[in-house]
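S.K.: Work the whole structure out from these sequences, hints included.
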Amino acid sequence: MSEPITDEHVVKALRPFVRAARPVLEAMRTPGRLEELAGMRVPGSAAWAAMGPAERADWWINRVGRLTALVTAIPGLGGALADRLPVQDAVGAAAQGLLLCAIAGEHGVDDVGDRVRLIAWVLFERRIDPALARGEGIADPPGDSEEAQTAKLTGEDFGEAGKGDRKITLKACAGALWRMGRALRGIGDELEKRPRGRFYHRAVGMLPVVGMAGDYLAERSALKRVAQRADGFLRDIHTRPDA
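Numbering (full-length UniProt numbering), first residue to last: 1 to 243.
If you're looking for bench data, these hints aren't it; they were derived computationally from the structure.
Please note that a few of the clues may not be correct.
[Stated by the list, open to error] Listed below are the simulated SDA-like cross-link pairs for lysine to any residue, each with C-alpha atoms no more than 20 Å apart in a straight line:
1. 224 with 106
2. 193 with 121
3. 152 with 135
4. 224 with 51
M.R.: Below, the structure is given as structure tokens:
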């Protein structure tokens, strides 16, 4: 029997993830940085200022969805066989975690610990102690500090070398998402708890060839469920810091 996954295991996996999400989201919200996502309304514009919280959440669902749902669906090319592998859950959870970090930012929640708690609650149904989420009492594994883990996840495209106006390709974003997903595989069975898309989309995803379309629609649907579930938790953070 495998060792039970504790809250500390979850926090150790999520803190580097949350920190790595920052530069990826920054590229996604900067006009022209992502070559494949041109022509969309972006934060900072007059149109953005006129949007309410729900509209901004929808914007991020579309933004993250267009970028990540297709990447998430790639393992589905093999139909049912690929769905038995942990790849889809790992990358799907990474996409959902990325969306949650984006929505948290739109609600003024920028603290790493708060974002860790948000992801743990929405995706894994865990209510993490705030002190633990801040990393208190957690020792870095030898030779692999939280800083080093974050750098591995971001890679060169989103690290110090990738700062500035250099274009970011879909391939670079897919690489970052893939690395972030692989990092979450360390918490194994927790990934199976994440919100899922509609059952009929998932059923199509089990079929060869057309499985990619089913997986794409299922992941898009799941992103919407993630955003809806986040609302209550974010309200609690604003009213009760120790929620």
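S.K.: If a hint holds in the structure, say so; if it doesn't, say that too.
M.R.: Hint by hint, here is what the structure shows:
1. 224 with 106: holds, 16 Å
2. 193 with 121: holds, 10 Å
3. 152 with 135: holds, 19 Å
4. 224 with 51: holds, 18 Å
Comparing the model with each numbered hint stated earlier shows that all of them hold.
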